[in-house]
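Residue numbers (my numbering), protein chains in the order written: chain A, 1319 to 1649; chain B, 184 to 452; chain C, 30 to 387.
Read the hints as simulated data drawn from the structure, not as lab findings.
Be a bit skeptical, because a hint or two may be false.
[Claimed, not checked] Cβ-Cβ distance ranges computed for the label pairs, FRET-style:
| id | chain 1 | residue 1 | chain 2 | residue 2 | range |
| --- | --- | --- | --- | --- | --- |
| 1 | B | Val381 | C | Ile51 | 15 to 25 Å |
| 2 | B | Glu254 | A | Val1501 | 34 to 44 Å |
| 3 | A | Ser1509 | C | Thr48 | 17 to 27 Å |
| 4 | B | Arg268 | C | Leu326 | 40 to 50 Å |
| 5 | C | Gly190 | A | Val1501 | 49 to 59 Å |
| 6 | C | Gln297 | A | Leu1409 | 26 to 36 Å |
Yeah, the Cβ is synthetic: ideal placement off N, Cα and C, and Gly gets one too.
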Amino acid sequence: MSADFLYGIEVILNGLMAGVLYALVALGFVLIFKASGIFNYAQGVMALFAALTLVGIMEGQVPFAHMINAIFGTEIHHFGWHVPALLAIFLTLCVMVAFAWAVQKFVFRHLVGQEPIILFMATIGLAYFLEGMGDLMWGSDIKTLKVGLPQGGSRWIEDMTSGLGGDDFYGFFIDKLDMVATVVAAILVMSLIAFAQYSKQGRAMRAVADDHQAALSVGISLNFIWVLVWSLAGLVALVAGVMWGAKSGVQFSLSLIALKALPVLMLGGFTSIPGAIVGGLIIGVGEKLFEYTIGGMIGGATENWFAYVLALIFLVFRPQGLFGEKIIERV
Amino acid sequence: MKDSYVTPDGRTIGGVLMDMRGITLRFGGVEAIKDISFDIREGEIRAIIGPNGAGKSSMLNVISGFYHPQEGEVWFRGAKRPTMRPYDVARQGIARTFQNIALFEGMSVLDNVMCGRLTHMKTGIFSQALWHGAAQREEVENREAVERIIDFLEIQAIRKTPVGRLPYGLKKRVELARALAAEPKLLLLDEPMAGMNVEEKEDMSRFILDVNDEFGTTIALIEHDMGVVMDLSDRVVVMDYGRKIGDGTPDEVRGNQEVIDAYLGVAHD
Amino acid sequence: MFYREAGDFKTSYEADSQTFPIKFDRYRFWAVLAVAYLVIPFIINDYWANAILVPFLIYTIAAIGLNILTGYCGQVSLGTGGFMAVGAYAMYKLMTAFPDVSVVIHVFLAGGITAVVGAAFGLPSLRIKGFYLAVATLAAQFFLVWLFNKVEWFYNYSASGQINAPERFVGGIAVTGPNTDAWAKYMICLVFVTVCAIVARNLTRGTVGRKWMAIRDMDIAAEIIGVNPLQAKLSAFAVSSFFIGISGALFFSVYLGAVEVGEAFGIQKSFLVLFMVIIGGLGSIFGSFAGAGFLVLLPVALKVIGVDLLGWPTDIVAHLQLVIIGALIMFFLIKEPHGLAQFWRIAKEKLRLWPFPY
Chain A
1319 MSADFLYGIE VILNGLMAGV LYALVALGFV LIFKASGIFN YAQGVMALFA ALTLVGIMEG
1379 QVPFAHMINA IFGTEIHHFG WHVPALLAIF LTLCVMVAFA WAVQKFVFRH LVGQEPIILF
1439 MATIGLAYFL EGMGDLMWGS DIKTLKVGLP QGGSRWIEDM TSGLGGDDFY GFFIDKLDMV
1499 ATVVAAILVM SLIAFAQYSK QGRAMRAVAD DHQAALSVGI SLNFIWVLVW SLAGLVALVA
1559 GVMWGAKSGV QFSLSLIALK ALPVLMLGGF TSIPGAIVGG LIIGVGEKLF EYTIGGMIGG
1619 ATENWFAYVL ALIFLVFRPQ GLFGEKIIER V
Chain B
184 MKDSYVTPDG RTIGGVLMDM RGITLRFGGV EAIKDISFDI REGEIRAIIG PNGAGKSSML
244 NVISGFYHPQ EGEVWFRGAK RPTMRPYDVA RQGIARTFQN IALFEGMSVL DNVMCGRLTH
304 MKTGIFSQAL WHGAAQREEV ENREAVERII DFLEIQAIRK TPVGRLPYGL KKRVELARAL
364 AAEPKLLLLD EPMAGMNVEE KEDMSRFILD VNDEFGTTIA LIEHDMGVVM DLSDRVVVMD
424 YGRKIGDGTP DEVRGNQEVI DAYLGVAHD
Chain C
30 MFYREAGDFK TSYEADSQTF PIKFDRYRFW AVLAVAYLVI PFIINDYWAN AILVPFLIYT
90 IAAIGLNILT GYCGQVSLGT GGFMAVGAYA MYKLMTAFPD VSVVIHVFLA GGITAVVGAA
150 FGLPSLRIKG FYLAVATLAA QFFLVWLFNK VEWFYNYSAS GQINAPERFV GGIAVTGPNT
210 DAWAKYMICL VFVTVCAIVA RNLTRGTVGR KWMAIRDMDI AAEIIGVNPL QAKLSAFAVS
270 SFFIGISGAL FFSVYLGAVE VGEAFGIQKS FLVLFMVIIG GLGSIFGSFA GAGFLVLLPV
330 ALKVIGVDLL GWPTDIVAHL QLVIIGALIM FFLIKEPHGL AQFWRIAKEK LRLWPFPY
């Protein structure tokens, strides 16, 4: 096998693993959208916020330290303790649930029945709010997240595969963290699907997605379901934030993964869980392959827009996405 | 059939305005309309009746270009109509109202009715941007036409009210005003009296008769209230399960055994 | 007591469709114009021009543009930053390629070029609706910024990748370049704002505006009264992009003077202009002024209060600003989707009936 071909396969493998993470973020969108019709632009910032909170709790940072210092002229920074990773993850999850409750209570309860586009714009406002809040609480410097995940390329895979090609081929380079992330994301995706399909709350969630009023009339609490889906989205955000944060540090650019997930959704359809997964894989592989084959010729950095243009072209021919329900317009 | 005739109340009914020939409409495997033919003559009030799900609204949607039948031809003013989008149909002079009111909720009553005249307004975007000259002249001319219709339907007082604030009955009237503003050759009314009380129905009936009488507008309407249909219309098409089961004057239709069965139900043996 | 319609009888339909139906509003409008043209240019200084007035005027043009597309035609766009970049780079190429032609013509041409680009990116709007479209416009945003970054022809192969506005004159007075006086910057922007606002007002009160609003309120009903949806949406995209292109051209040539595309026209700019439109009021020309003014003033006010008065570090104030803007957006969407313009309208309504509200 020629080295070029093998490197192409390596690109695809890396694309698939990036795609799983895209799918994970996209799944957070789909969950909220299905249950409440809200297209949650803030999903990416939620991931950033979750990661910031996790680091903050682990390091024992004092929330709003900068602001308190500025106002009262004090010099506080840390409580002086360190919280073990698992406990910190649990505490962060509690914060995300509280956040879900607050969002529902103070914002979206008052917007029930509004047009989807108004809700969408409200989530853009939420994204700004949360971004500023995260920075105020934990500071905006780049942080490293150490929760004990493996780092670096896998020597083992490299050694095992180096014999496949000729002398130009040194084996597949695959990041260990990417592999862990892929496994975790796959487990999370499967358990979310199982939850939605088989649990009582999952059934209620699907009922709400289908018809708010009908769900209300059989005794499902809309409020509870909405807090539940926002919490689940918070969980997804936390996982995505940990994976991405461990890889490239906890910083503002982390929130941009939401922008990566949008074309995934357009491709897969806003209401489809399998769509989010397949769409994520297609975008992940597609943008890596495009950059590998054509990107170099036209100046590189095509990953910024390739996914969008692909999704746009695709949508013109199939407006409901790959797995979305066909939109039938009734007159 | 004669080319034109005079009705007992003295209106002249002209030749065929619209001719539907062998229309068949399918959604997937379901046949919503099965091989239906009927015509609408100039100046008449033509009713389409039938039980729920008979395909009446689908028929109206075929006429106004939302649905395109798989088989059959639509002839309008003596020419076969090609497959058209609804806005082209509107430009041919066919206006309509909807069963569930389709007004522009964000605009005032006046703007809504002015919208009805869009097919008559031709100035380009650059003239519009300058406003003075052709664009303003056109606006004023059309405004005069619209004001006549507002007077006619007695909605002067709510001219500048946003449509969203109006009660149901008035909304129906504004929708009629918007359709009339286009000065259509054929006016389609989809259940103009649905959800109205007796008084409002009487008002609406009077307006429909007046429109037909004063402007000579040809009207095709769908309605459930049998009393209203029989009083208003010159001729009636009866549909059931997508087929045509009767066609003729109200009296003829009333005596038709199949129609009676469809409405009263019949024992299957 | 003088804020009344009574006694101010309209005797023609021209008079009835004018912009300010109440006499007092007309007087106030002329007074504002007089102050803007005859007073401010003589008292303006560099700080006021660069910190507040010039960005306010330029953002107003962009907000009017986006308001036409989103507020009047109902098509949400997140590509404003990208379209502003088209205006800026078109302006740069025109200024350097035809140095003898007046910059005023260049600005209009830049708007025209942006209109063509905008209409092209508006094509999918026939098939894609709602937030699918909003997300699709992000494709325009990312692709255009990437394009201006990577294709060297657009920045004349300069090593820095920046574009710099050369010095140009209108009637012998410098309006671009480093030696421009504050009042000259202000005046050229003011003239463009005036023209754009009048054109936008004329378009939205006539046939074209009704077509847009018909599409916004109910596209099926719009078709039935003879509106071709593709034509209406594309004209909205084109007109909207024309204004946004003009604002981008001015933003680059008059206001900043030197621009790096990712920094000046990134996605944050798209959101900023969208927020102006939401806070000011969807579907209101006045709201575009109000929204732009509000969001230009807010950071300045926060800086004056937070940094200068309270002595807080700038980064905290910057974060606080994000929190406040986000909270305000949610507040406005919950309490008053029609924005500041609606508060103003309600106040006027009350005043009109005062002191006998029933």
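| query | Which of the stated hints cannot be reconciled with the structure, identified by number in ascending sequence? | reply | 1, 2, 3 and 5
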